[in-house]
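The opening residue of the sequence shown carries number 1 in our numbering; numbering runs sequentially from there.
Everything labelled a hint here was simulated from the structure, so no lab data went into it.
Do not rely on the hints blindly, as some may be mistaken.
FRET-style restraints, in silico, Cβ to Cβ [said to hold, decoys possible]:
1) 16 <-> 84: 49 to 57 Å
2) 84 <-> 43: 23 to 31 Å
3) 50 <-> 78: 15 to 23 Å
4) 2 <-> 82: 18 to 26 Å
5) 40 <-> 62: 32 to 40 Å
6) 59 <-> 27: 52 to 60 Å
7) 19 <-> 57: 39 to 47 Å
8) 50 <-> 17: 45 to 53 Å
9) 21 <-> 78: 20 to 28 Å
10) 80 <-> 49: 55 to 63 Å
11) 21 <-> 50: 26 to 34 Å
Restricting the straight-line Cα-Cα distance to at most 25 Å, the calculated cross-link-like pairs of lysine to any residue (SDA-like) are [as the list claims (entries may be wrong)]:
12) 88 <-> 13
13) 11 <-> 65
14) 30 <-> 65
15) 89 <-> 79
16) 45 <-> 89
17) 89 <-> 15
18) 45 <-> 69
The structure presented is a predicted model; accordingly, all values stated were derived computationally and were not measured.
Glycine residues also receive a C-beta, built at the ideal position from the N, C-alpha and C atoms.
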Amino acid sequence: MSTPRIRIRLKGFDYRVIDQSSADIVETAKRSGARVSGPVPLPTKIEKLTVNRSVHVNKKSMDQFEVRTHKRLIDIIEPTAATVDELKK
Numbered sequence: 001m002s003t004p005r006i007r008i009r010l011k012g013f014d015y016r017v018i019d020q021s022s023a024d025i026v027e028t029a030k031r032s033g034a035r036v037s038g039p040v041p042l043p044t045k046i047e048k049l050t051v052n053r054s055v056h057v058n059k060k061s062m063d064q065f066e067v068r069t070h071k072r073l074i075d076i077i078e079p080t081a082a083t084v085d086e087l088k089k
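Using the sequences plus the hints, can you model the full thing?
What follows is the structure in structure tokens.
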């Protein structure tokens, strides 16, 4: 029989916020007596957008933008009732 676990996936555009949130979750879970695996950094999704600088003339003049989506994975192994209550707060 498998052990109960809670799997949390965090996504965001700013990696500093993701790292701070994952540190808070790990600290809360460890304080309440659960084992924690992670945070595991998942591959960053990079979405690139190319747009024209002007509408009619200068078709070759374009700007490129990118949006990076950072992801982290946290597994809480054998969570207790106190762990679940603390994470809901």
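**Report entry** Unmet hints by their number, sorted upward, for this structure
**Finding:** 1, 3, 8, 10, 14 and 16
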